[in-house]
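K.L.:
With chain A's structure known, arrange chain B on it following the hints.
If you're matching them up, the sequences are chains A and B in order.
For the first sequence, the numbering used here assigns the number 1174 to the last residue and increments by one with no breaks.
For the second sequence, the numbering used here assigns the number 435 to the last residue and increments by one with no breaks.
The set of hints was computed from the structure by calculation and includes no laboratory data.
Since this is a predicted model, take the numbers as computed values, not measurements.
Please note: incorrect hints may appear among the correct ones.
[As the list claims (entries may be wrong)] Per the computed footprint, the stretches of chain A lying under chain B, defined by three or more beta-carbons under 8 Å from a beta-carbon of chain B, are:
id : region
1  : 784-792
2  : 1015-1027
3  : 1046-1056
Cβ atoms here follow ideal geometry from the backbone N, Cα and C, with glycine treated the same way.
What follows is each chain in one-letter form.
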Amino acid sequence: MSVMAMILAGGEGPALSVLTAMRSEAAVPFGGKYRIIDFALSNCVNSGIYNVAILTQYQPRSLNDHIGVGRPWDLDRSTGGVRLLQPYQQSRGEPGAWQEGTADALRFNLDVIRETVEDVLILAGDHVYKMDYRPMLRFHEEQNADLTMAVRNVPSFEAYRYGMVSSDPDRRVVGYQEKPRRTASTSASMGIYVIRRELLVDWLTGEPGRDQRDFGGEVIPSFVGNKRLYAYPFQGYWADVGTVQAYWEANIALLSETPALDLYDPNWVIHTRSEERPAALVGPEARVEGNLLCDGCRIEGTVIRSIISPGVYVASGAVVRDAIVMTDTVIEPGAEVDRAILDKHVVVGANARVGCGDDNTSNRWVPERLNTGLTMVGKRAIVPPGKTLCRNVVVYPRASAKDYPEGDVVSGETIGA
Amino acid sequence: MRVIALILAGGAGTRLGVLSEQRAKPAVPFAGRFRIIDFTLSNCVNSGIYGVAVLTQYLPRSLNDHIGIGRPWDLDRGHGGARLLQPYQGRGHQQWYGGTADAVLQNLDYLRESRADTVVILSGDHIYKMDYRPMLRLHEERQADLTVAVMHVAPEETSRFGIVITNDRGRVDKFLEKPKEAPSTLANMGVYVFSANVLIERLRALGAEHPDLDFGKHVIPGMVNDGNVFAYPFAGYWVDVGTVEAYWQTSMALISGQSELDLYDPKWVIHTRSEERAPVKVGPQATINQSMVCNGSIVRGQVDRSVLSPGVYVSPGAVVRESVVMNDTWIGPGAVVDRCILDKNVSVGPGTYLGWGDDYLTPNQAAPEIFHTGPTIVGKGAHIPSSRRIGRNVVIRPDVDDDEFTAFPEVVPSGSTVG
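Just chain A, with the same shape it has in the complex (with noise of 0.2 Å):
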C-alpha cells in the first residue's frame, strides 16, 4: 500500500487572538519548543510516511521557515520527503485562485499526488495528538474502504462542534452529521481521514464533487450511502486547541505530574526545529515550581505553573505564574505575570503587572473568545515598565509604548490595535 498525507494548514484561526495575527494556526508554538503542526507531522514519520505535503494558505510564512526542507523530521530525501504548497495563479486573468475550504484546497493539489499512491492521508494541521496511523490504514485496507475516517467518543453536549458520526456494528458508516444541535450519536469525527487517490481525484473534478468547498461539511455528507465509509475508532489523546481557553488548557496540562499527552516517549518523539541553545539556567535566588522550561532560557525569578519557551528571560524579583510564554520574551525585574500568554520576543517592563485583579469583564472586541481572565500579548509587543494590565486584556503585536492608555489598562481593553 503507498501512501501520500496531507496535511491541511491553511487555515487562519481566528479564535486563538494575537497568536494567529501573524502566522497560520498550525505554526502555533505549543507546549514551549513545538509547533502544532509538529504533531501530525512526527505522526507521519513515526507512522513511516515519508512521502507529505503541506497545504498552505493564511499566514505561511512562520510555517514555511519552520518546515524548511524537512530535517527535523527526517524529510529532506530524494523520494518523497515534504512539500509546502502554496495557491497559485492558474492561468492569466483568471480570477479566485484563493482556496475557498479544505476541499478547494486539495482540489488545487491534487496534481501532487502521483499515479503510484493508493491511498492519501488527509490531516489537520492544527491538532495536537500523538497516532499511529498505521493500525488505521491497515483497517482501511482490510475492510476495502473507499474512505475511512478516525473517530473518538465526545460527550454529546460537545456534538455541536464536530461531524458525528454514526456506524453499524462492522463500523460501516450509515450516518454523517456535520455541527448537529441534537444527536444520538457520540463518534465525533477527528478530521482524520484515509481515501482512496482514485475516488479522491475522480469526486473533487467530476459532477457534482467538483463545486464542494468542504470536506467535512460537503464531501463526507454526499458520501455516505453509496460509498463504502468506514470510521476507525481511536482512544489516544487529543485535542483541538483552537481557541484561546481549549490552547490554555492542553498547555497547562502538560504541567501534570502524569500528563495525557506525553512528550518523553522515546518511541514516539515529536520532533521539531530547534535553534541551538545551551541549558536552561536557573539562578542562585530563583524560585521554579511545576514549570516546563526550554534550553536556552535563564529564570533568575519566580517561575511557578508555567511554561517558558527557549531563551525567555526572566529577571530576578520577577513573578511568572499560570502563563504561556514564548521563544526570547523579557520579563523584567519586579513585573508580574499571572494567567496570560505571552508571544514571541515580547518584552514585559520591570514593575508592569499583566494579569492583575479579579474583574473578569470580557473582552470588548472579542467578548466569545476572550472571557475566561486570559491575558494576551502579541509578538514583539512592549508593555511598558510599571504599566498594569488586567484580565482579558489584548495587546495587539509590535504595540509599542505611545499604544498605551494612561493609567491602567482595565478588564476587557485591547492595545494597539
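P.N.:
Relative to chain A, chain B alone:
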C-alpha cells in the same frame, strides 16, 4: 587566503579518569549538552572556516557518532566540510599517529588536495571562544611562516605550557617547551596558523628522524630559530579541562555566573549535535537553584549548584548538590548526590548517599594523582544499589553492577574504587 583547519582529537586525556575511559577527551560532555570539541568546531565555522578535518586515534566511536557528517555545524558540504581522519594502513607503512605533528604528516595528502595555502592547527581539548580571523589577518600581514596564539597564564602554571618570548613587533624569539623556570608568562595555547608550504616542507624534513613528531617539541623550536614565527595575543576565556578537578571547577564556575564563558551569546553560538527532547519538567515539589538543566530532564527533587544533561531524572526526595550529571542518568528517591561527576546512563539506587562525609582529603588509592580533590566519579552505565553510603574521591567504574558492591554492604569508604 584558502584556509583549512585540522583539529587534533586523538589524545587519551588520562587525567580525566573514567570520563575518558570510553571516549576521547574531545568527546567528553560539558555544560550539559555540549562536548568539549564543540567549542573548537564552532569557532571554526563562526570564523568562516568550512574545511575542517578532525584527526582521531584514541577511542573515536563517540566522536565519530557526534560529528557524523557535520550537520550541526553546517559542515555537511559539497565543497570542504567536515572530514574525520583516522590512522590507516598503507603499503610499506602501518603506523599509529606517533605525535601531534606526525598525525598531520600522515595526512598530507588531505592537506594537498584541499589546495589550502594556510592551515590552522587546533586542539580538540580546549574550551574557549575565539574568532580566528584576526589571527589569520595578522599571519597574512606579517607574511609569517607560523603564527602562534598566546595568552598570559599564572606564573605557577608556566611549567605546564610552551612559553614564548617575543620582541616588540610580536616576533617570537624564544620558545621553551614546559620550562622549569620561565622568563615570561606568555603561554602557547595550541592554536597555530601555518603557511601550508612551510608546514609540508618542515614535516617532511623532520618526519624521518622523529616517529613521535610533536609540534611543541620538534617543529616549532626549529621554525623559531629561522626567525619568521609570530605571536598573536589572545585575552579571552580559554581553559584546558585536563583534570577531574579542573573539569569540576570549570563546570561550577559556569553556573556561578562568575564565568567569562558566555554560552548565551546569539552572535557566537556553540553548535552541537542534540537529540530531540521535550522541555525540562520541573515538578510541583521540586526546587532548583543556581543550576543548568537541559531539555528532556525531569526534576522532582532538589537540585543545587549543579549541571544536568539532557534526560536526567531526579526522583522525589532526591538531592543533587554541586554535581555534574550526564545524559539519561537516574537518581532514585531519597538519594543524595553531593560533589560528584556522574557519567551517562548511571542509576543511583533509592536512599544511596553519594559523596558522603567530609573526608575530602583521602585520595583515591588506585589513582591518587588523579582523584584527590574530593569529587566522586561514576563511570558510564554504572548501577549503584540502594541505601549505600559512598564517600569522597571514590571511583565507580563504568558498567559496574550490584555484584561489585557486595564487598561494600553499607559503606564505600573514601578513596575506594569499585569495579
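K.L.:
Run every hint past the structure and note whether it holds.
P.N.:
Results for each hint:
no.	hint	in the structure
1	784-792	holds (count 3)
2	1015-1027	holds (count 4)
3	1046-1056	holds (count 9)
Violated hints: none; the structure is consistent with every hint.
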